[in-house]
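S.K.: Here is what each chain is made of, one letter per residue.
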Amino acid sequence: MNEDAWTPIPGSGFDWNPLTGRLHWGDLKLLEVFEDPSINSFVASAASWIAVLAALAIVILLTVKRRWGWLWSEWLVSVDHKKIGIMYILTGFVMMARGVAEGVVMRTHQATAYQGGFLSNEHWAELFSTHGTVMIFFVAMPFITGFMNYLIPLQIGARDMAFPVLNQISLGLTATGGALVMISLVVGAFETGGWTAYPPFTGADFDPGPGPDYWVWAIVLSGIGSMLSGLNFAVTIYKLRAPGMTFMRMPVFCWTALCTSILLVFALPPLTVAGLMQALDRLAGFHFFTNDLGGNMMNYANLFWMFGHPEVYILILPAYGIYSELTATFAAKKLYGYTSLVLATMSIAVVSFCVWLHHFYTMGQSPTINAAFGIATGIIAIPTGVKVYVWMATLWRGRIRFTVPMIYMAGFFMLFVIGGFSGIILANPAINWQVHNTQFIVAHFHNVLLPGLIFGIFAGVHIWFPKAFGFRLHERAGAITAFLWIAGFSLTFLPLYVVGLLGYPRRSAAFEDPAFIPYMIVTLCGAFVLLSAFIGLIVTLWLSVRHRDELAVPLGDPWDGRTLEWATPSPPPHYNFAVIPEITGRDAFATEKAEGRPYVTPTEYRDIHMPRDSVAGVFVFLCTTAIGFGLTWWIWWLAILGALVLLGWMFIYPFFDRTDEVIPAETVRLANEAWIAAISLREGVDRDDETTPRNRGFAATDMEQAT
Amino acid sequence: MSAKAQNAHPGMNLGYGEGARKAEVDVFGFWVFLMTDLVTFGLVFAIFGTMVGATAGGPGPEEVTDLRSIAIQTALLLGSSFAFSWASLSMKYDRGRGRTLIFLSFAATSALGFLVMEFIDLRHLVEIGATPQRSGYLSALWALVGLHGLHVAVGLLGVGSLTGQILLYGLTDKIKSRVTRLGLYWHFLDIVWVGIFSMVYLAGVA
Ligand code: HEM
Ligand SMILES: [Cu+2]
Chain A
1 MNEDAWTPIP GSGFDWNPLT GRLHWGDLKL LEVFEDPSIN SFVASAASWI
51 AVLAALAIVI LLTVKRRWGW LWSEWLVSVD HKKIGIMYIL TGFVMMARGV
101 AEGVVMRTHQ ATAYQGGFLS NEHWAELFST HGTVMIFFVA MPFITGFMNY
151 LIPLQIGARD MAFPVLNQIS LGLTATGGAL VMISLVVGAF ETGGWTAYPP
201 FTGADFDPGP GPDYWVWAIV LSGIGSMLSG LNFAVTIYKL RAPGMTFMRM
251 PVFCWTALCT SILLVFALPP LTVAGLMQAL DRLAGFHFFT NDLGGNMMNY
301 ANLFWMFGHP EVYILILPAY GIYSELTATF AAKKLYGYTS LVLATMSIAV
351 VSFCVWLHHF YTMGQSPTIN AAFGIATGII AIPTGVKVYV WMATLWRGRI
401 RFTVPMIYMA GFFMLFVIGG FSGIILANPA INWQVHNTQF IVAHFHNVLL
451 PGLIFGIFAG VHIWFPKAFG FRLHERAGAI TAFLWIAGFS LTFLPLYVVG
501 LLGYPRRSAA FEDPAFIPYM IVTLCGAFVL LSAFIGLIVT LWLSVRHRDE
551 LAVPLGDPWD GRTLEWATPS PPPHYNFAVI PEITGRDAFA TEKAEGRPYV
601 TPTEYRDIHM PRDSVAGVFV FLCTTAIGFG LTWWIWWLAI LGALVLLGWM
651 FIYPFFDRTD EVIPAETVRL ANEAWIAAIS LREGVDRDDE TTPRNRGFAA
701 TDMEQAT
Chain B
1001 MSAKAQNAHP GMNLGYGEGA RKAEVDVFGF WVFLMTDLVT FGLVFAIFGT
1051 MVGATAGGPG PEEVTDLRSI AIQTALLLGS SFAFSWASLS MKYDRGRGRT
1101 LIFLSFAATS ALGFLVMEFI DLRHLVEIGA TPQRSGYLSA LWALVGLHGL
1151 HVAVGLLGVG SLTGQILLYG LTDKIKSRVT RLGLYWHFLD IVWVGIFSMV
1201 YLAGVA
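Here the protein sequences line up with chains A and B, keeping their order. Residues 1 to 707, numbered by our numbering, are exactly what the first sequence covers, in order. Residues 1001 to 1206, numbered by our numbering, are exactly what the second sequence covers, in order.
Worth flagging that the hints you see were computed from the coordinates, not collected in a lab. The model shown is predicted, which means the values in this text are computed figures rather than measured ones.
In silico EDC-like cross-links for lysine to aspartate or glutamate, where the CA-CA straight-line distance does not exceed 16 Å:
| id | chain 1 | residue 1 | chain 2 | residue 2 |
| --- | --- | --- | --- | --- |
| 1 | B | Lys1174 | A | Asp660 |
| 2 | B | Lys1022 | B | Asp1173 |
| 3 | A | Lys239 | B | Asp1026 |
| 4 | B | Lys1092 | B | Asp1173 |
| 5 | B | Lys1022 | A | Asp657 |
| 6 | B | Lys1022 | A | Asp660 |
| 7 | A | Lys334 | A | Glu595 |
| 8 | A | Lys239 | B | Glu1018 |
| 9 | B | Lys1174 | B | Asp1094 |
| 10 | B | Lys1174 | B | Glu1018 |
| 11 | B | Lys1174 | B | Asp1026 |
| 12 | A | Lys239 | B | Glu1024 |
| 13 | B | Lys1174 | A | Asp657 |
| 14 | B | Lys1174 | B | Glu1024 |
So that you can see chain A by itself, here it is in the shape it has in the complex (with noise of 0.2 Å):
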């Protein structure tokens, strides 16, 4: 050990330079396995060479098919909401992979951890935490905003957010975190105290290495960048509604979006300062949870949960939209009862603020308070009671189509009411007591986030790819995969109950009661069928992609829909609508080809103005990358200089006078001429054929109800 040098922490034990800071060649977990072979190094290492080489793939297949430039211009420099949204989402997936690759390796630690698997406990630790942290903050996250990115605009009828150049930094940082979670894989370690990383466990007594640090940076990064997205999503709701889109016209996913966002601004606060003081802690030695002289972890569970708990309804709002789309266009009904499911949609964003102390009843708090809050939490379940009648009333006696998204509907209405029920078992402090951090946790969020988040979005994905990318996504195999997440959840989570009940700890890394074996072992079929299932996504994908001729809808409207987007060429022009639409009520799209009135030629043109793009959110994302990894390695140049130059870039910025780019009218006329001529050269297709090459893309309407 240097002598010398000056560390954060004195005495902490690293060898630190100027110019490195504290990282050395034996960070790099590549080489783990060849200093110490075990199965515990092989899975790290491996784990690390997968994340490069597939890093290299990518850069090669680039490289090769000469495709920078596009990626480039094409995608991130844009600033189109709908480019954004999807980029978003590819993020979740890709993400989605790693978190589902870990799942699968805890679970097979878990069937053989009778008195200890093949896993060191640290190695264990790390994997939970990681999958934790990539599951919500880079998986659940990126969906629900990538959605609300690409249908927010479309649906209220606007051109754009409010702010694209902001909607671009906001994708930068979410990507940042991403990044810095994707290099703990192959440089130094990851925090070992789970997705929650509470002190004084991850401060610096303990866990002084870069791990938690590692933590801080991905979730103050990307959440300040969630924060800007909630901004922006909620400015754009109030501000930029088609006219005649009263609030209450509004299509139920913005609403659930304008819930989201509101929650978005008001609970990503107390994350970023409950990250910004662990950091203080960690690297200026600040007592703010420490275990001595004055410190108080309290306060930290506070702020997290703060956060955390509104977080869980961040999360479910839009796939609960999401849902409400679905059962209206895919039973061909209006959607039962819109005003108690807005106002459901509300009570649940006020309420989830009233509830965090329910994750830490045992924590010393007096009877009294846990309560009121075991009391607050159990109202949270009427507004969503509220919501599946809802749901239920809308299919009830509708043109239901069983097909992909009506699958996952159907997933999501048996399990996840299982799930709300054991959430409402959980609200009561004395069940709460006896199962609180057993496996009986693990499978209620699992039970809501699998069931009620994902399949939400997968549900999702298979209603607007065709609105996205013009071609819709292969039934079968979507249909095999979807009842693969079913399946596959089932067998994963359901038994997990009762080993929970019967005591088996979570985040535990061996068990010593042979009578959970036989879970385990079921549990691992399900991880494997998950896994399965996973992949099935990106066959899905692929035979899409491969069908893409049969499947083509480029005329917008596959299924009959009735809000705006469907309005609108698949894929939407850059600029979304030709003219902005004047709404006169509910469903706007529905209520004009009710009245035999869609797809009428506007009888003027005008020139469309657009942002243009932008390379702010790539400068962004760089140089908060050097300042995570600055500060997480302690390489403080590198950190200043990241700050600095984005000072500067502040400062300097708003002097460039930022010009629209013009889009003539002419250039609108001929595109919406020729989308509207291709239209009425076709005969409408009906929900009977909606799944076969003859949809193109025109329904022809059989909804009775529309209004």
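Once you've looked at the hints, dock chain B with the ligands against the given chain A.
M.R.: For chain B with the ligands alone, kept in the frame of chain A given last:
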């Protein structure tokens, strides 16, 4: 919107055109941003509140409070806000960019004075051993005061950038909207300071 045109931001006097509509969206977005900042400050205040007693035998409120200096800092910051309002008013009534710039420079000088005083105070804290590493109370104090100070410093950078823009381009619609937003930020920091002044310093020694 077209049917009933409204002067979206009388405070900026932009009239009824597209510029006003854009400014309205921008300023509303900025209000939402301030709300997130308010939540942030509120949480740091709350943490401070739980840590008032956590002095761990180290310096407490009496030792860290120099009311005379705090009073001067308060006067400087409030004065800065006052000067900023004059800048906004001369912008609104088209009194020329010179006047606006002069008031802006008053605001900036005053805020700079505030930062210098704050810096001197904090250096004094280091001298008497009241560093944030000493106790939970001091960690929270430094974080709260430092967060506010950082905000003021960033605001100063903003004034610098805006001054340059006004000199280069004059008071265009876009720049007027930026001045308005910076003004909101400026007054917001004042309100936060009133909170710090009363809850951290006055309540500390009272
Ligand atoms: C797809 C297959 C999945 C498998 C096989 C899987 C497996 C696991 C396992 C074994 C654990 C550790 C349980 C323990 O602590 O004993 C875990 C934890 C967790 N999982 Fe999953 N999971 C999957 C999907 C998901 C999804 C989709 C999400 C969220 C969107 C998710 C979020 C979490 C979280 C938040 C934790 C807690 C981490 C912690 O303890 O801090 N998982 N998962
Ligand atoms: Cu909760």
